[in-house]
Structure formats: C-alpha cells, structure tokens
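> Chain residues, written in single-letter form:
There are 2 protein chains.
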Amino acid sequence: MRLSRLLRLQALLYNKNEKRLAASIKHMVGSKPFNLSLYKLAIKHASVAEESINGLKISNERLEFLGDAVLGTIVAEFLFIKFPYRDEGFLTETRSRIVNREALNQIAVKIGLAKLINEEMRGRNINAHKSIYGDTLEALVGAIYLDRGYAFTKNFILKRIIIHFDVDDIINTTTNFKSKLIEWSQKESKEIDFELVSVSGNQRFKEFLVQIIIKGEPVAEGKGPTKKKAEQEASKNACEKLNIPI
Amino acid sequence: MRLSRLLRLQALLYNKNEKRLAASIKHMVGSKPFNLSLYKLAIKHASVAEESINGLKISNERLEFLGDAVLGTIVAEFLFIKFPYRDEGFLTETRSRIVNREALNQIAVKIGLAKLINEEMRGRNINAHKSIYGDTLEALVGAIYLDRGYAFTKNFILKRIIIHFDVDDIINTTTNFKSKLIEWSQKESKEIDFELVSVSGNQRFKEFLVQIIIKGEPVAEGKGPTKKKAEQEASKNACEKLNIPI
Chain A
63 MRLSRLLRLQ ALLYNKNEKR LAASIKHMVG SKPFNLSLYK LAIKHASVAE ESINGLKISN
123 ERLEFLGDAV LGTIVAEFLF IKFPYRDEGF LTETRSRIVN REALNQIAVK IGLAKLINEE
183 MRGRNINAHK SIYGDTLEAL VGAIYLDRGY AFTKNFILKR IIIHFDVDDI INTTTNFKSK
243 LIEWSQKESK EIDFELVSVS GNQRFKEFLV QIIIKGEPVA EGKGPTKKKA EQEASKNACE
303 KLNIPI
Chain B
63 MRLSRLLRLQ ALLYNKNEKR LAASIKHMVG SKPFNLSLYK LAIKHASVAE ESINGLKISN
123 ERLEFLGDAV LGTIVAEFLF IKFPYRDEGF LTETRSRIVN REALNQIAVK IGLAKLINEE
183 MRGRNINAHK SIYGDTLEAL VGAIYLDRGY AFTKNFILKR IIIHFDVDDI INTTTNFKSK
243 LIEWSQKESK EIDFELVSVS GNQRFKEFLV QIIIKGEPVA EGKGPTKKKA EQEASKNACE
303 KLNIPI
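Top line first, the protein sequences correspond to chains A and B.
Quick note on numbering: the first sequence equals residues 63 to 308 in this note's numbering.
Quick note on numbering: the second sequence equals residues 63 to 308 in this note's numbering.
Think of the hints as simulated: they come from the structure by calculation, not from any bench.
One or more hints might be untrue.
Same chains, same names: a pair is fine if it fits in one copy or spans any two.
Below, simulated DSSO-like cross-link-like pairs (lysine-lysine); rule was C-alpha separation at most 30 Å, straight line [to be verified]:
id, residue 1, residue 2
1, K298, K106
2, K102, K291
3, K192, K252
4, K242, K252
5, K285, K242
6, K88, K216
7, K277, K216
8, K252, K119
9, K94, K290
10, K285, K252
11, K268, K249
12, K291, K172
13, K144, K106
14, K216, K102
15, K289, K303
16, K81, K249
17, K291, K277
18, K298, K268
Predicted model, so just to flag it, every value in this text is computed and none were measured.
The following block holds chain A by itself, in its conformation from the complex:
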C-alpha cells in the first residue's frame, strides 16, 4: 500500500492532459489510477504509436493480450457460477459471444472509453480500424489488472462490463450455424469440408471467403472479416439451402 500511496503523490505533478485522463479513468473504472502510465499505454493504438530506440512499437497491443486473458477468465467464472447445470460446450460458446469484438466495441462506447479514444486519435481516421474500441477495452482491462490486481479487475468487469449484457437474451437469440451444419452432416453421414478459398485485403482489413463442400459438391459460400465469421456465414447459407432446421 505504501508504494501505491507514493504513486498517488505523482498526481500532484500531472499536467493538464494527464489530469483529464486520470479523471476519465476514475469515471470509467470507479477509482483513481495508481499508475497513470499504464492507462496512457492502454489507449495508445498501434496506428499512433511511436517507435522506441530498439525498434519496438510502443502500443497497447501487449496490454490487449493480457486483458483479453483476464477478461476471458472472469467471464468464464461468471458463467460457470451462473449456469451450474450447463456443460462446457455451452459455457465456451456463450463466452465467445460475450467477449466478441462487436459486443466489446459497443461496451466501449457505453462506458465512455470510445470518447477518450476519439480524443486520443483526433484527426486520424478511426473508421479504418474497426475494432479499435473493443481492442482498447481489452487493453484497459490489462492496465487495470496490472495497476489494481485481480479482485479489483473482477469487480470492474462484473459491475461495468457484464452488466451491459442480457446474458439470457444472448443465449436465446444466437445460433451457431456451423455446429448445426456439422451435426446434420454427422447424422446424415455426409462428408463435409470447410474450404478457405481466399484471403484478400491488407493487414488491417481482411476478407475471408469460405466455401462449404458436401460430398464433393460446393453447396454455399460465405464472406467475413475473420475465417470464423466467413464459416458462420457460409454455414448459414448452407442451412438455408438444405432446409436444415435451426
């Protein structure tokens, strides 16, 4: 605790921007940051990152890696406790729906993180980086974890992230088309392949094209920004074409 108090002393030396950032963090996280530099790093998108002397880009991507793991664990425990009678397949799938990019993008807007990012990126094209809000939210989780520890982060995620989800609604309304299709193919003993036809675009903007082949015959195609989404889209099209009940 002594170290953290010492760090609080630094707040006296904050410049104007740092004061604003600290206030924003307090508003979002519920408590003033101990180590503000972690949060500065968390909102540093790779596209605005400077290169350090040894050629490393100083961006939030490492924090995002850590935050992604912490978020996954806390959502896992939340679901584990909330659904004591559901199997691990259900838990895995429900979690992937909660921590997916689009959902996290929306949460980032709701908690005010998007506004902070827009200020940080001023003058730059945010639309070129579709997942910047969600990515930054994960990096923020990583920063909170390093700054305040696991218990604090868990509380933040439960009270300020998961609360925005209607978990029962998520379970009822989403369907994993790929699973449905594979189930069907096994029941019908038909061999099924998911073929990645092509990947186009550049590092930031990708489009995957997936084709579904059943017993050697192409049945449907799907496109998406990830292979998973393209497979889902293709599976959805195949289910419609083959009249597979959803």
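On the provided structure of chain A, position chain B as indicated by the hints.
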C-alpha cells in the same frame, strides 16, 4: 475464513479414500484442500462420470473450461513481465506452446497427478483418452481457483507448473511452419489455401487431413489430431518441398 475453517472440520469425517485424496492434493498443491469435493470432481473424467437425475454428466469438463482460462491468464502475465520488449504475437505464440496438451500431459506426470488419475481410472483404458492428464491438470487448476482463490492459484502455477518449462529453450527450438509459409507466399505473391480435406474418427479420436494448395496446385499434405497440428505438419512438408528456409 470462517467458512473455510468449518470446511476443514469436514476432514475429521473423511473416509479412507478421501483421506488419501486430501493427502495427494496437499502433496501436489502445497496445502490441504478446503473443499475436497472440488478436487474429487477435478479428477472425474467424462468416461467414468455418472449421470445426474436431470441427465447432466457430472465430470471435470466444466472445471477444465475454467482452469484453462485461469492458466492462460497466469501464463500470459508471466510472459508479459518476463519479456517486456517482445510484441503480442510472440507472447501469444509462446503461451500456446506452454499450455499445449502434450506439455500439460507431461507436467501432470511430473507433479504426480497422472498417478492419481491412474488410480481413479483403474481397470479402464487410459490410452483411449490421449489428453486425459493435461485435461485433468486444467480441471485441477479450476478446482484450486475456486477453492483457494486467484493469488494462491497463481503461486501454484508459477511454482509448480511453469517451473518445469525451459521457456528460453521453447522459444529457440520451435518454429511455426504455417507462419513461415504464409510469410513466404506473401513475399512471392502466391495465393495459398489451407484446405481441410477430411476429418475421420470418433468424438475422442480424431484425425484431420489438411492439404496445402499454392496457385491452385496441391503442394503438400499433413495429418494430425487437431486441425492446427495437421496444418503445421502440412506446412512443414510444404516448406521442405519448396526449400523455404526455416
């Protein structure tokens, strides 16, 4: 703490098997369990699980889901701190090498968990379940997390799991053949596809066959128990065939 002390009272009522299990856990984990039933569940493989009244199989798979997440987070933080100057791609890949099934199987043998599983499964064919040791190790992590909390689990993972890895050696000796191949194809502007040709086997035993197609021509094939491994194997074969330097 009161609850946990109460639970310790239960130790007075342990039967012979429970006493042995508690002693084994103490030996492996470094401390007596508070709630022994979590550990009983952790070593309950799906193949020996009973069905509950509502048709749910009571096995360690839910704990494995939770433990997998906790293990991933703690290894993520360990690597984050150990390698301050490496990017998130490196961190992701190194983690996946540490928490892979084969490595976890070996750790389970080293810490004595395999012995416990063999006793639990006596008379049954363990070889039919290749990843039972590693899966159970993850379930054990899940049980420790629920029983003792995050800090205790972190200590267990750092002191009793990660210690068995020579992380520097892992980094130096393993190669991601798929990345190498994709890098090469981008440099040479050749279109590359990873085609999943077939999946054979049953629920427990799977074999994936992947074919690599470059500019429409099949170049190499690979087999493996997961799609990822099959892709690695196929990529390795392709790299050899095309004389791509590793």
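> Determine which of the earlier numbered hints do not hold for this structure and return their numbers in increasing order.
Of the numbered hints, 1, 2, 7, 9 and 16 do not hold.
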